[in-house]
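Chemist: Throw the hints in and build the complete structure from the sequences for me.
In the order they appear, the protein sequences are chains A, B and C.
The first sequence begins at 1 in my numbering and counts up by one.
The second sequence begins at 240 in my numbering and counts up by one.
The third sequence begins at 825 in my numbering and counts up by one.
In short, the hints are calculated from the structure, not lab data.
Warning: the hint list may mix true and false statements.
[Said to hold, decoys possible] If you want the ones that stay clear, here's a sample from chain B, every Cβ over 10 angstroms from chain C, calculated: (1) Asn336; (2) Pro373; (3) Asn374; (4) Gly412; (5) Trp423; (6) Ala431; (7) Gly514; (8) Thr582; (9) Glu589; (10) Arg698; (11) Lys746; (12) Arg751.
[As the list claims (entries may be wrong)] In silico SDA-like links for lysine to any residue, alpha-carbon gap of 25 angstroms or less: (13) C/Lys951 - C/Asp999; (14) C/Lys1028 - B/Ile741; (15) C/Lys1026 - B/Arg618; (16) C/Lys1005 - B/Lys545; (17) B/Lys545 - B/Lys745; (18) B/Lys730 - B/Glu599; (19) B/Lys394 - A/Ala223; (20) C/Lys860 - C/Phe874; (21) A/Lys119 - A/Thr213; (22) B/Lys394 - A/Lys119; (23) A/Lys173 - A/Tyr44; (24) B/Lys649 - B/Glu599; (25) A/Lys174 - A/Phe36; (26) B/Lys627 - C/Phe874; (27) B/Lys649 - C/Ser840; (28) C/Lys851 - C/Pro879; (29) B/Lys627 - C/Lys1028; (30) C/Lys863 - B/Glu599; (31) B/Lys481 - B/Leu436; (32) B/Lys462 - B/Arg442; (33) B/Lys391 - A/Pro201; (34) B/Lys481 - A/Tyr44; (35) A/Lys119 - B/Pro472.
For every residue, glycine included, the Cβ atom is placed at its ideal position computed from N, Cα and C.
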Amino acid sequence: MSQEQSQTPSSLITSEEEWLADQVRRSVWTGPLSKFIDLLDLIYNWGRRNSIWPMGFGLACCAIEMICTSATRFDIARFGMELFRATPRQADLMIVAGTVTKKMAPAVVRLYNQMAEPKYVVAMGACASGGGPFKEGYNVVSGVDKLIPVDVYIPGCPPTPQALLYGLMQLQKKIDRQSIRDVPWYRKGISEGVPEPILGPDLMDARRLEEITALAANPEQLAARAVQFHKPTKGEKKE
Amino acid sequence: MAANAPAVTETQMPLNDPQVVAEKIKTQYPDAVEAVSAQGIVLKKDRLLDVARYLHDTLAFDYLNNVTSVDWQDHFEVVYHLTSIDRGGAPITLKVNTARDNPSVPSLVPVYRGADFQEREVYDMMGIRFEGHPNLRRILMWEGFEGYPLRKDYKEPYYEEEKKPFGSRWDQGYHVFAEDRNPWHDNVQYPAHLDALAYKPPRESVPVIEATQAATTRLRTDKIILNFGPQHPSTHGVLRLKVTLEGETVRAVEPVLGYLHRNHEKIGERNTYLGNMPFTDRLDYFTSMANNLAYAITVEKMLGIKPPERAEYIRVIMAELTRWQNHAAALGFLYNDLGAFYTPLIYALEERELILDLFEATAGSRMMCNYMRFGGVARDVTDDFIDKCKYLVNERLPRRTDELEAYMAKNELFLARSKNIGILPRDLAINYSTAGPVLRASGVKYDVRRAEPYSIYDRFEFDIPTGTVGDLYDRFMVRIAEMRQSIKILKQALEQIPPGDIMTGKKNYQVRVPKGEMYGRAENPKGELGFYVVSDGSANPYRYHVRAPSFINLTALNQMCVGHKIADMIVILGSIDIVMGEVDR
Amino acid sequence: MAFGLGLLNGLRYTASRVVKTYIGDFKHLGRRYDDKLFKERQSVRGSGIFTVQYPEERLVPPENFRFIPFLVYEPALDENGQPMMDPATGKPVVGKLRCTACGICAKVCPPQCIWIVRATTPQGKPKPQPAEFYIDIDVCMNCGLCAEFCPFDAIKMDQVYELAGYERHVSHIFDLRALSKPASYHAQIHPTDWAREETERKAKAKK
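Modeler: Next up, the structure:
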């Protein structure tokens, strides 16, 4: 993350403070332009946080609370987010509202990949955060952060519209703290996107295929990985 | 009324008793009946189709309520519930047994079209093949999924113990993430020696239909298959439709379901009876009070208890408020699909917000109410609630109903887009097992509150509005009329509500239901919601099945959409009023 | 009947609503965030603008509202009988948790999101106190059955819904410290329940 700037040759560093100052100079863009960059950040983030366009991605019950948030009583338009785009190509924010099932997982990842940077993901509800009450099911992904990176988690089942608005305000605060010096979409190189999971005998995460094959061929190693939970018997003492 | 009505005496006799029906079957097919009991008629597998045809044609059992299956560990049992539209009353139960290895049963689709999706679901969940089914593929899980989930020997990846409450939570309950307990560190399990890198998913099936080409076409047209993906602003949730189009005309529609399959039935078998109540909230998430009510009356029938008077009135008030707000929201979304983007929807949602305020003040949550208990309701309603409810019912709700009707009923655009679109003829509506406003709009005067009255609905005066043609306009008008009838029932209930207890017996979380089975049903705003509960005498259900009205109403989608434009298909889907939480459970 | 009259009739309603909201707005010019006006606007008899200007205005949850559970503790009392306040947190010092670790809430919870470890005496006998108590709020479905069936009024449903955060693996597992709140808080958010419980407790103490 270093830029071309004055770098003190290592032979001239004599104390810890100087070393630290040198590291900061190497890593952080400071200098006369820094105040201007801060002002630019202010305007850039102000524009972005006040006009986030969510993608309508209501999956289940939380979607109804999302619709109620965009209705008259809890007017999400006051935050600039009334324009729910149907297509991910025009959206900034994916509010994952509802349980993500394994059958739906490839679609979720594909939609995330189709969104253009800068993009954010809000996991709304207990199901999207961590599987929710349906976590024990065989067709439920325990939290959408198993598939895509999440920025804000909003717990609740379902979170009331006011809770959702609070979560969106937290997202706005997060956007305020970003700076064009280190945002990922101005880095060099193309982001590959998340590989889509494959619907096989069970959902297969495409980043773990070798691991799955190796473990499936080695049952003892597989069994050793499970953390055993303590099943109490009557009269047993706590260790 | 019925298309081919035989002699009046035979169809008018009370035929709800399994013994009587079994005698009649024996006169025709002497060797078909294996056993008869109060729980139903057990038939021989190879005579099933003949008996079904006999019941349908001669005894006028024209409506197939429910097809489900039970895993009795040494054999499988497929259970059917049939009613007659004209006679009403409780359904009769037919059962067929089949062996555990290579289970197969003849399909009832040639007689009852409504068995289509339900038999596919039984195949998907239990692995029972249905011979003669036109399209036997998995419906809720994907092709290539390994295992039949509702079998008793299927252990899901996060399997902990057979029944709740789990011993690991108390006394020595150290918190463990379920991911860490599973060896794959995720909610997955794979067969041994799986080669994940070389795995190729099975080819997606593509609908193939013959399109009739018009005699004179200047343009050479071709069919395309359009995927209305699970993420679409107008599919009312994660529904996927494979539409075969010719130009802009729809030739075939095939719904692909299961994108919200949250394993309600498997979790239901692990839960206790009381623990299932909050899960029923999440089936049709618009009508959580009505779902609670249907489940509560099913288990109360099995327990043999009745709630006190005040609780019954409270239940009816909550159910009818739910019906009003569900229809208002459904109409709002219907207007959305038609293109009146959002304005009528937010007007309808305003009154819904006020009703949800009432629910929140009483039950604790706007949508997931968890309010009914076995023997009554959880909390009492205050005088403030009655006062606010009376104001709503007398002033605001009728005004809003009139407004919702006045926006569109004479609107020329709406009339042009909804008259004679999506027609479902009367006999097909019955044969497809549709229920609720979809059935009534096709001219069938059938409502579970009249056919098999539950709670105290037999004390209230209300009409059953029906349509004539069965098109989009009729479904719309039937919903408006039902909103008015709900207001009528609410007025009566709010006048008559007595003071008193709200619960029979003491608060009890360890409900033990005696051994037996029950199919309990209620008239949900979307149709007939049925719960089929089989109990083995313990604190957890042995089998727990939900007869979801939206799921079965979707069977008729293809019939209604063929020949119309694709823009009409969206509106027809909106008029069936589906909720994916219920379709996929 | 001219073609288009039905359309205009529908548009009439929209126009009348626009007018009504402006009338409502002008009637209350200058009293934008008035509490009394807000309550009136949000009630069944309200008219005009229906919007809740969150976060400046907040809809107060009703008493029965349930979100995440919390454990009730009796605060420690000083020599005058007043609750001692912890200067670091500003909250009453924990005197005694009402919870006896009976485990009924863990048994009745439908998704099994409550984990309880019962404390033991140094001799190894079980003590009616929880040593550890975990609730995973990513599994909790806010059903309220734990609060409904607790025989000691020890676990109640909280009304705080502003819990959104940036991570979930640590902050969404509520442990004993995060769950404990004083009985005065319970009395504040559930006044009628508190009154009923107090009368029952006093009646039982008399017997």
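Chemist: Does each hint hold? Answer for all of them.
Modeler: Evaluation of the provided hints:
| no. | hint | result |
| --- | --- | --- |
| 1 | Asn336 | holds, 33 angstroms |
| 2 | Pro373 | holds, 39 angstroms |
| 3 | Asn374 | holds, 35 angstroms |
| 4 | Gly412 | violated, 4 angstroms |
| 5 | Trp423 | holds, 18 angstroms |
| 6 | Ala431 | holds, 29 angstroms |
| 7 | Gly514 | violated, 4 angstroms |
| 8 | Thr582 | violated, 6 angstroms |
| 9 | Glu589 | violated, 6 angstroms |
| 10 | Arg698 | holds, 27 angstroms |
| 11 | Lys746 | violated, 7 angstroms |
| 12 | Arg751 | holds, 14 angstroms |
| 13 | C/Lys951 - C/Asp999 | holds, 19 angstroms |
| 14 | C/Lys1028 - B/Ile741 | holds, 23 angstroms |
| 15 | C/Lys1026 - B/Arg618 | holds, 23 angstroms |
| 16 | C/Lys1005 - B/Lys545 | violated, 39 angstroms |
| 17 | B/Lys545 - B/Lys745 | holds, 13 angstroms |
| 18 | B/Lys730 - B/Glu599 | holds, 21 angstroms |
| 19 | B/Lys394 - A/Ala223 | holds, 16 angstroms |
| 20 | C/Lys860 - C/Phe874 | holds, 14 angstroms |
| 21 | A/Lys119 - A/Thr213 | violated, 33 angstroms |
| 22 | B/Lys394 - A/Lys119 | violated, 38 angstroms |
| 23 | A/Lys173 - A/Tyr44 | holds, 14 angstroms |
| 24 | B/Lys649 - B/Glu599 | violated, 36 angstroms |
| 25 | A/Lys174 - A/Phe36 | holds, 21 angstroms |
| 26 | B/Lys627 - C/Phe874 | holds, 17 angstroms |
| 27 | B/Lys649 - C/Ser840 | holds, 18 angstroms |
| 28 | C/Lys851 - C/Pro879 | holds, 23 angstroms |
| 29 | B/Lys627 - C/Lys1028 | violated, 36 angstroms |
| 30 | C/Lys863 - B/Glu599 | holds, 16 angstroms |
| 31 | B/Lys481 - B/Leu436 | violated, 29 angstroms |
| 32 | B/Lys462 - B/Arg442 | holds, 20 angstroms |
| 33 | B/Lys391 - A/Pro201 | holds, 19 angstroms |
| 34 | B/Lys481 - A/Tyr44 | violated, 42 angstroms |
| 35 | A/Lys119 - B/Pro472 | holds, 20 angstroms |
Hint compliance for this structure: hints 4, 7, 8, 9, 11, 16, 21, 22, 24, 29, 31, 34 are broken, all remaining hints hold.
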